[in-house]
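Those protein sequence lines, which keep their order, are chains A and B.
At position 42 of the first sequence the residue is numbered 42 (the numbering used here), and the sequence of numbers has no breaks.
Every position in the second sequence, counted from 1, becomes a number in the numbering used here once 114 is added.
Take these hints with a grain of salt, some might be off.
As the list claims (entries may be wrong) - In silico DMTMM-like cross-links for lysine to aspartate or glutamate, where the CA-CA straight-line distance does not exceed 20 Å: (1) B:LYS923 to A:ASP106; (2) B:LYS935 to A:ASP47; (3) B:LYS439 to B:GLU876; (4) B:LYS470 to B:GLU876; (5) B:LYS679 to A:ASP47.
These are calculated hints, taken from the structure and not from any lab test.
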Amino acid sequence: MLTLSITWHMACHTNDIPADGGACALINGRQIAIFHFARRGEWYATDNQCPHRQQMALSRGMTGSHQGEPKVACPFHKKTFSLRTGQCLTDDEYQIRTYPVRVENDQVFVGIAE
Amino acid sequence: MKTQTQTRIVVVGNGMVGYKFCEKLLAKAQNKADFRITVFGEEPRAAYDRVHLSAFFAGKSADDLLLADADWYVAEGIELYLGDPVVNINRETKTVYSHHGIAVPYDYLILATGSAAFVPPIPGVEKDGVFVYRTIEDLELIQSYARTARKGAVLGGGLLGLEAAKALLDLGLDEAHVVEFAPRLMPRQIDDAGSAILQQQLSSLGLSIHLSKSTRQISGDATMDGIDFTDGSRLDVDMLIISAGIRPRDELAKRAGLDTHPRGGILVNDQLRTTDAAIFAIGECALVHNMIYGLVAPGYDMADVVASQLTGELKQFRPFDMSTKLKLIGVDVASFGDPFVAEPTCRTIIYDNKAKGIYKRVNLSPDGKELLGGILVGDAEQYNMLLQTCKNKTVLPPDPEDLILGSRGGEEAAGAGVLSLPDDALICSCEAVTKGMICQQVKEHGCTTVDGMKKANKACTGCGGCTPMVKDLIQGVMKEQGLYVRNTICEHFDFSRQELFDLVKINKLRTYGDVLNQFGHGDGCEVCKPLVASVLASLWNENILEQDRAPVQDSNDRYLANIQKGGTYSVVPRIPGGEITPEKLIVIGQVAQKYGLYTKITGGQRIDLFGAHVGDLPAIWEELIRAGFESGHAYGKALRTVKSCVGSTWCRFGVQDSVTFAIEVEERYKGLRAPHKLKSAVSGCIRECAEAQSKDFGIIATDKGWNLYVCGNGGSKPQHARLLATDVDKETCLRLIDRFLMFYIKTADPLTRTATWLNKLEGGMTYLKAVIVDDVLGIAADLEAGMQELVNNYRCEWKDVVETPELRKRFTHFVNQPDVKDPSIAFTPLRSQKRAQEWTI
Ligand code: SRM
Ligand SMILES: Cc1cc2nc3c(=O)[nH]c(=O)nc-3n(C[C@H](O)[C@H](O)[C@H](O)COP(=O)(O)OP(=O)(O)OC[C@H]3O[C@@H](n4cnc5c(N)ncnc54)[C@H](O)[C@@H]3O)c2cc1C
Ligand code: SF4
Ligand code: FES
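Model the full structure from these sequences, guided by the hints.
See the structure below:
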C-alpha cells in the first residue's frame with residue numbers, strides 16, 4: 001500500500017475568490033482553479049487546464065449543480081466537470097484532477113500530494 | 115433467391131407515393147420474404163419529400179429531403195434502379211423493360227409515375243430562362259439562373275405558383291410577379307373576396323399580382339426577355355416559372371394499351387386496378403372517381419389500399435378530402451370541405467377585415483348544425499379545428515360565428531378544443547393517424563414530444579400540417595393526467611424565460627441570488643445563470659459585474675471581452691456607424707502597438723484587437739476610454755453594430771443622410787442586452803450598400819423618409835428582413851424600433867435571434883405588425899417607456915470597471931500573483947503581426 005503525504009499550500013485570501021465563482025492560483029508552478037461554492041459553504045480546487053483543448057480556463061468557468069452534483073463548465077466549449085470527482089459530466093473521455101481545500105482564518109489552503 | 119412462393123412486385127416510379135407503397139407493403143406483410151420488390155425510378159436520386167421541395171432554397175440539401183436513404187432499400191431487400199425509367203411493359207409475359215435494358219418479370223405491377231408540370235403550348239416556352247417547378251433538378255437550374263436575373267415571374271396563381279413566387283423573392287430577385295389567367299388567385303381554393311385580401315397581403319410581401327391575363331407569347335431570342343399578353347400589355351422579366359397545373363404521367367400505361375383519360379390519367383376502379391387486373395396505378399398518375407388527386411395524403415391512402423389488397427385485406431379507395439393550407443408564403447391561406455357552396459343551399463358567415471388583412475368564411479348547413487366548408491385568409495389558426503369539425507360532422511356551438519371569431523366573453527364554448535374530437539378523428543391524414551392513436555401513445559407509452567410521435571406512428575412526417583394539432587393533443591392529454599410540463603429553463607427553474615422575465619420585473623429583483631431564492635431551487639447552472647443575468651440586464655441595465663452578478667455572466671460577459679484560442683481576449687471599441695476620426699484611428703494603433711495586439715477590420719465596420727492578456731484589459735480600456743471610446747459590447751448578447759453606408763453626404767445616389775441616422779440609432783441602443791445579439795444597419799438609398807435587410811432591424815432611406823425592416827439574419831441560415839413600416843420619419847422609426855426591440859426582449863426564448871423568433875411567432879409578420887404598428891395589445895406605451903428607461907440608465911461598463919478598484923481587481927490570471935501573466939499563452943508570427951498558437955490536442 002502506498003501512502004501519500006499531502007502538503008498544504010496557502011493559496012489566497014477568501015475574499016480573492018468571488019462568491020459562487022472561481023479564480024486561479026499559481027502553486028509550485030502549477031495552475032490550480034479554486035472555487036467557492038458559497039451557496040453551500042463549500043470549497044473546491046481542480047486543475048485550471050481543461051483537458052479538451054488544453055485551455056487554461058476552468059477557473060473562469062461558471063459553477064453550478066447537476067442534480068445536486070457540484071460542477072464547473074469550461075468557458076470554451078462548455079464541457080462540464082464534477083467539482084468533487086473531476087469526472088467530465090458531458091463526455092466520459094475527460095477527467096481533471098481535484099485537490100482538497102482547507103479554509104482557516106480567512107485563508108485558503110490547497111492540498112497537493114507529493 | 116426467388117422461390118415459388120414469392121410474389122414478384124415491380125413498382126414504376128420512386129416518388130413519394132411509390133416509396134410509401136413499399137414501406138406500407140413491407141409493414142403489412144406477415145413475412146417480408148413473401149415479396150420480392152423491384153423499383154424503377156427515372157430521377158437520379160431516391161424518393162424525396164417533394165411537398166417540402168421549396169425548403170431546398172432555404173438551405174435543406176437534397177439528402178435532407180430524402181424519405182429514406184440507400185441503406186433502407188438494401189436493408190428491406192428492395193432492388194432499386196435509379197436514373198433508369200421503365201420504357202415498355204409486355205402484359206402477355208408480364209415483364210417490364212427499362213431504358214438501360216433491364217427486364218424484370220412481375221406478378222403485380224404498380225404504376226406510381228406521378229405527374230409532370232403542365233406546360234401550355236405558348237410560343238416561346240422553349241427559350242432559356244423558362245422553368246418548371248417539380249424536381250430537385252428544376253430547383254437547381256432555377257437557383258443558378260437566378261444568380262444573374264433581376265426580375266422573375268410565375269405563370270399560374272395557384273397553390274404551387276405562389277410558393278414558387280415566394281421562392282423567387284427569397285432567391286433575391288428584385289421583382290417577382292405572379293400572372294394568373296383567372297380573375298382571382300388560388301381559384302380552386304378561395305373566393306373573390308378571399309383573393310382580394312390575399313392579393314393585398316402578397317403585395318406587402320413584395321409580390322406583384324396580375325390577374326385576368328392571358329399570355330400570347332414569351333418574347334426574346336434564344337433567351338427570354340419578357341411576356342406579351344393578349345390584351346397588348348407586356349411584362350419585362352428575365353426568368354419565368356411555369357406553374358399552370360399538372361399532367362399525369364400516363365405515357366407508359368398508354369403504350370401498354372391500358373385505358374387512359376383523354377385529358378390525362380390512368381383509369382382505375384375503387385380498388386385502384388387498371389383495365390389489366392395485374393396492374394395498379396396510384397398517386398398523381400391515377401384517375402379515380404373521375405379526378406386526379408394532386409395532393410400527397412390521398413396518394414398515401416392509395417398506397418395503403420393497394421398494399422392492403424396484396425396482403426389479403428379488402429380495402430377500397432374512398433373520395434378524399436381535398437382541404438389544403440398554403441405553407442411557406444408568410445400569409446396564412448386555407449380552405450376546407452366545400453369552400454364554395456352558397457346560399458340558399460347553405461348559410462354563410464363571413465368575417466372580412468381589410469385593415470388587418472383577414473378574411474374568414476364558413477358555410478353551414480341550412481339548419482346551422484353542421485359545418486360544410488370554408489375559407490381562411492390572413493389568419494388560419496383555426497384551420498385544423500375547423501377541418502376536424504367539418505370532417506367529423508361535429509355538432510356546432512349555438513353561436514356558430516364563434517367558430518371564426520372565437521367565443522367572446524364567458525366560458526369557452528363547450529365542445530371546443532381538440533380533446534373533444536372523437537377517437538377515430540383523422541389527425542394526420544398523410545399517415546392515417548387518428549386522435550385515439552396519438553392519445554394512446556401519450557397515455558400508455560409516455561410519448562410526450564412530436565419527435566417521439568414521429569418515431570412511434572409517423573404522425574407529422576408527411577406534409578407536417580398536423581403538427582400543431584398533435585402538439586395540442588399531447589399537451590391536452592398530459593394536462594388531463596396532471597403531467598403537463600412547460601417549456602422550462604432548466605432543472606433549477608420551473609418557468610419559461612418569459613414567465614421568469616415577468617416575475618423578476620414585477621418583484622423588482624436585481625440579483626441572481628434573489629431570483630434563485632424566490633423562484634428557483636438548487637444551485638443554478640450554466641444555463642439559468644446567463645439567462646437570469648440577461649433578463650436582469652434587459653430590465654434594469656445596471657452594471658453586469660456588480661453585486662453578485664459577475665460570476666453568473668457568460669464568461670465573455672464576465673470579462674467584458676471575448677475569450678479566444680490560447681486564453682487571450684479580444685478588444686472591440688464601439689465605432690458608431692463605422693465613422694471614425696483620424697485621431698481615434700491613431701489611438702487604436704498606438705494601443706495595439708503598446709500591448710502587442712493583432713488588429714483586423716471586422717465585418718461590422720469596426721476594428722478588433724486580438725491577443726490581449728486578461729490582466730492588460732483594464733489598462734487597454736483605460737487608454738481607449740481616455741481617447742473617447744466606449745465598450746463595443748462585442749462580447750455580449752447585446753447591440754453590436756449599426757452599419758452605415760456613406761449616404762447623401764457624399765454619395766451621388768443618396769436620398770437621406772444615413773450615416774447620421776446610423777450613429778443616432780447606435781447611440782440610442784448601445785449597451786442594450788437581449789436574448790441574443792442585435793445588429794442593425796442604415797442605407798442611404800434603395801441600392802442598400804449597408805445590407806440593412808440582413809439585420810435584426812434595418813433602415814433604408816426613401817424619397818419621403820425611411821423604410822423599416824425587421825427580423826433579418828446573416829449567419830448560417832440567412833434570412834431577409836421583412837418590411838414593417840414605409841416612408842416614416844426618424845421619430846416614428848425610432849418609436850417603432852423601441853417597441854419592436856422591447857417586445858422581442860420580453861417574449862423571445864434564450865439565444866433566439868429575431869429571425870428565428872419571428873419564424874416561431876404565432877401569426878407571424880401579420881401579428882407582429884398588428885402589435886408593433888397598430889398596437890392591438892395596447893402595450894406600445896409600456897414598451898416605449900421600458901426602452902426609454904434603459905436608454906437613460908446606460909453607462910459604459912468598461913468605464914465603470916476602469917474606475918472601480920474592486921471590479922478591476924478581478925482582471926488577473928493568478929489571484930496570488932496579480933502581475934504574472936499566464937505562462938502557457940503562446941503566439942506565432944503572422945504577416946508582420948502575430949496569431950494564437952494552434953490547439954494542442
Ligand atoms: C470579428 C468578426 C469577424 C471579422 O473578423 O470580421 C466576428 C467574430 C466573431 N463572431 Fe461573428 N464576427 C463578426 C461579424 C459577423 C457577421 C457580419 C456582420 O455583423 O455584419 C455575422 C453575420 C450577420 C448576423 O449575425 O446576422 C456574424 C455571425 C456570427 C454568428 C452567427 C449568428 C447567427 O445568428 O447565426 C456567431 C455565433 C453566435 O453569435 O452564436 C458569431 C460569433 C462570433 C464570435 C463571437 C465567436 C466567438 O465566440 O469567438 C467571434 C468573436 C471574435 C472576437 O473575439 O471579437 N458571429 N458575425 C466580426 C465582428 C463584427 C463586429 O464588429 O462586431
Ligand atoms: C413544389 C411542390 C409543392 C407541393 N406541395 C404540396 C403540399 O403542400 N401538399 C400536398 O399534399 N401536396 C403537395 N405537392 C404535391 C405532391 O408532391 C404530390 O402529390 C406527390 O409528390 C405525388 O406523389 P407521386 O409519387 O404520385 O408522384 P411523384 O412524387 O411525382 O413521383 C413520381 C416519380 O415517378 C417517376 N417516373 C415517371 N415515369 C417513370 C417511368 N416510366 N419509370 C420510372 N420512373 C418514372 C418520376 O420521375 C417521379 O420521380 C407539391 C408538389 C410540388 C412540386
Ligand atoms: S465565421 Fe466563425 S471563425 Fe469566423 S469569426 Fe465568425 S465565428 Fe469565428
Ligand atoms: S477547451 Fe474546455 S471545453 Fe473545449
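Evaluation of the provided hints:
no.	hint	result
1	B:LYS923 to A:ASP106	holds, 18 Å
2	B:LYS935 to A:ASP47	holds, 17 Å
3	B:LYS439 to B:GLU876	holds, 15 Å
4	B:LYS470 to B:GLU876	holds, 15 Å
5	B:LYS679 to A:ASP47	holds, 18 Å
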